[in-house]
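There are 2 protein chains.
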Amino acid sequence: MAEKGITAPKGFVASATTAGIKASGNPDMALVVNQGPEFSAAAVFTRNRVFAAPVKVSRENVADGQIRAVLYNAGNANACNGLQGEKDARESVSHLAQNLGLEDSDIGVCSTGLIGELLPMDKLNAGIDQLTAEGALGDNGAAAAKAIMTTDTVDKETVVFADGWTVGGMGKGVGMMAPSLATMLVCLTTDASVTQEMAQIALANATAVTFDTLDIDGSTSTNDTVFLLASGASGITPTQDELNDAVYAACSDIAAKLQADAEGVTKRVAVTVVGTTNNEQAINAARTVARDNLFKCAMFGSDPNWGRVLAAVGMADADMEPEKISVFFNGQAVCLDSTGAPGAREVDLSGADIDVRIDLGTSGEGQATVRTTDLSFSYVEINSAYSS
Amino acid sequence: MAEKGITAPKGFVASATTAGIKASGNPDMALVVNQGPEFSAAAVFTRNRVFAAPVKVSRENVADGQIRAVLYNAGNANACNGLQGEKDARESVSHLAQNLGLEDSDIGVCSTGLIGELLPMDKLNAGIDQLTAEGALGDNGAAAAKAIMTTDTVDKETVVFADGWTVGGMGKGVGMMAPSLATMLVCLTTDASVTQEMAQIALANATAVTFDTLDIDGSTSTNDTVFLLASGASGITPTQDELNDAVYAACSDIAAKLQADAEGVTKRVAVTVVGTTNNEQAINAARTVARDNLFKCAMFGSDPNWGRVLAAVGMADADMEPEKISVFFNGQAVCLDSTGAPGAREVDLSGADIDVRIDLGTSGEGQATVRTTDLSFSYVEINSAYSS
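Protein chains in written order, with our numbering: chain A, 1 to 388; chain B, 1 to 388.
Just chain A, with the same shape it has in the complex:
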């Protein structure tokens, strides 16, 4: 058994292949199959109202709480392709279901890559046949994790060992990646025996404080999809809390890997906000700072420019005492009661990790952390290259 990834938990097999969708000629299709005995599935999708055809189809198919296999392709997002895009997504699902002897509604489908280009269905269908060929499916979590990469520079896998049961996972992308390439895709698997409801609670809780608080450039892709598939093969039913903890740990690990591999990143920045009314306000404020380009440029320059933090947070939808705001960089006070602290300009931010803590000065107990990156030359370079 692989030590990590989606085939670490019992009951899961995977395959990967090169279908010729990516221009690079790298592997570009993957399949994960839940062999049971149970097939509970939970999912979280992009909140973008412009969502891709595979999101539409997956959302329909997971509505009954069961998914037995998820098909992945990279190199083409099948987004903004109108009715033909939806037809293509459904055709690939039907083809896979037929090959696996399943119903269409048992299949999830995820695409990532160029927006606005039709899927090359001949290649995709040939790829499906390869993914389901005799001997293809097996302990191939690592190969699947590689096949879903787009501009990711490393593949991203995780495993969390619990008491006799396991959660595995793979992920790719973050924010929206390089020219026209979209999407964060994550697949989590577990051999715990859990209901769809338990799985959905655990997934929603975990994504709210991991992927949802990872904000590289404020952009939300048309294709973002996180699946959690449960096989029950361990025969163990954890408590909801135990499941929550393990799924959170897996999501947290993948989120950290996504942040570390974000485009153009030279700094990993955690923005924590306290001293506001509730957690929702705290996350609004942290997100406002994390998305502020002037703040992000200052982080790139290792510049302890707390004035930009105040200017950004002052526009946030959160309760604050505008004259009682404090800011700490790497634990050192740079601003107290909305005024510069002694030595503020000498704080050393030259390391790759920067911790920013903002106290909005009210007695409220809201708290949240958003993880982001700096805004570097390389971010601009990656994202300004011509798309075709």
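You may find that some hints are simply not true.
[As the list claims (entries may be wrong)] Result set (DSSO-like, lysine-lysine): computed pairs, CA atoms no more than 27 Å apart in a straight line:
no.	chain 1	residue 1	chain 2	residue 2
1	B	K56	B	K22
2	B	K324	A	K87
3	A	K324	A	K22
4	B	K123	B	K56
5	B	K257	B	K4
6	B	K324	B	K10
7	B	K10	B	K22
8	A	K324	B	K87
9	A	K4	A	K22
10	A	K324	B	K257
11	A	K56	B	K324
12	A	K267	A	K257
[Claimed, not checked] A short, non-exhaustive set of chain B residues, derived as facing chain A with CB atoms under 10 Å:
no.	residue
13	R49
14	N81
15	S219
16	R345
Simulated from the structure, these hints should not be mistaken for lab results.
Heads up, the beta-carbon is just placed ideally off N, CA and C, and yes, glycines get one too.
Mind docking chain B on chain A? Use the hints.
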């Protein structure tokens, strides 16, 4: 009489001086005085809850609808300086009022420059004496416009000739400028005879569709201030519509100059949204696209990447038909019914001006335009340099 600027309308004089606040040694203080016979004044301030001391003092002083003189300094924003900052702003106002034989409440004050550094009050007070010295005040609108510059590369003036009366103006900055330098400041003058109420209506209407829709980096400074001072010296009272038109023309001209001089700009981008319920939703949607870093990078790369427009607008707080969105670049359809249009990737965006039109597909009649710029290497360079 100067052909343009704040001393073009009758009844206004100005002065400028070098007080040594800017490290560059360039002129850094300016004064505009309304000699009457009337002193109606309107103002619009930053909506940032973290606002600078001069904003607090100006807001108080304009509350009675009259301002006779506005003091400007560049090089130091007097923001985030706590009680001492407020004390310093009040001291400078009192000093100027005394020199001019006015009440403190007749004075407006605007600062721009570094955040979190105390004003050098000895230099500032000496500067006030120079600005009010015998012979200093005169037809010096152009000198004043130069003195309020921070990282602006050109001074920005305007004049609008109406039927026997005139509107003049100067402005600086846009968004938040280079390292720790804050603020858009605009001063408009007119010799029309108008009430404070007329002036406020004209100013609010004009700023809503000019400065408020100029969105370079989504950042709102702690110091943004727009004054409109009316001397009545022409003896002519325009209608509200006539005043609105002239003030709009002046604001529009200065806004265009601010956009053209925005930091790191290589493209001037106008994002227009139609086909949503109302103008407020249209501006939300246009702003969401204008602030999207992936979209802005694509503009820098002259890349007709309409997928990013759809991905960005799909997250906007505006009514839309997600499958009926159309996008036009420079008048050419690149996306129809949320699907790529033929020839979309060949649209030429190599020019300095790019027009983006987005139809959200509903029958609503909302419409708005937001002006922004691209996200370039040079934006990152300017904003990542160390602040001290």
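Does K22(A) lie within 27 Å of K324(A) when you go C-alpha to C-alpha? Status violated; Cα separation ~53 Å.
Verify the proposed pairing of K56(B) with K22(B), using a straight-line Cα cut of 27 Å. Holds. K56(B) to K22(B) sits at ~23 Å (cutoff 27 Å).
K267(A) paired with K257(A) [C-alpha distance capped at 27 Å]: holds, 13 Å
Proposed proximity, K87(B) with K324(A) (alpha carbon, max 27 Å): holds, 17 Å
Given hint S219(B) near chain A, where the shortest CB pair must fall under 10 Å: holds, 5 Å
Going by Cβ atoms only, is N81(B) closer than 10 Å to chain A? Constraint on N81(B) satisfied, holds at 6 Å.
Given the hinted pair K324(B) and K10(B), is their Cα-Cα distance within 27 Å? violated, 53 Å
For a C-alpha distance cap of 27 Å, please report whether K324(B) and K87(A) respect it. It holds: about 17 Å lies between the C-alpha atoms, which stays within 27 Å.
Is it true that the CA of K123(B) sits at most 27 Å from the CA of K56(B)? With a Cα-Cα distance of about 22 Å, the restraint between K123(B) and K56(B) holds, given a limit of 27 Å.
Is the straight-line distance between the alpha-carbon of K324(A) and that of K257(B) 27 Å or less? violated, 36 Å
Any CB of chain A closer than 10 Å to the CB of R49(B)? Interface hint status for R49(B): holds (5 Å vs cutoff 10 Å).
Can you verify the interface hint for R345(B): is its Cβ closer than 10 Å to any Cβ in chain A? holds, 5 Å
The structure fails to meet hints 3, 6, 7, 10 from the earlier list, while all remaining hints are met.
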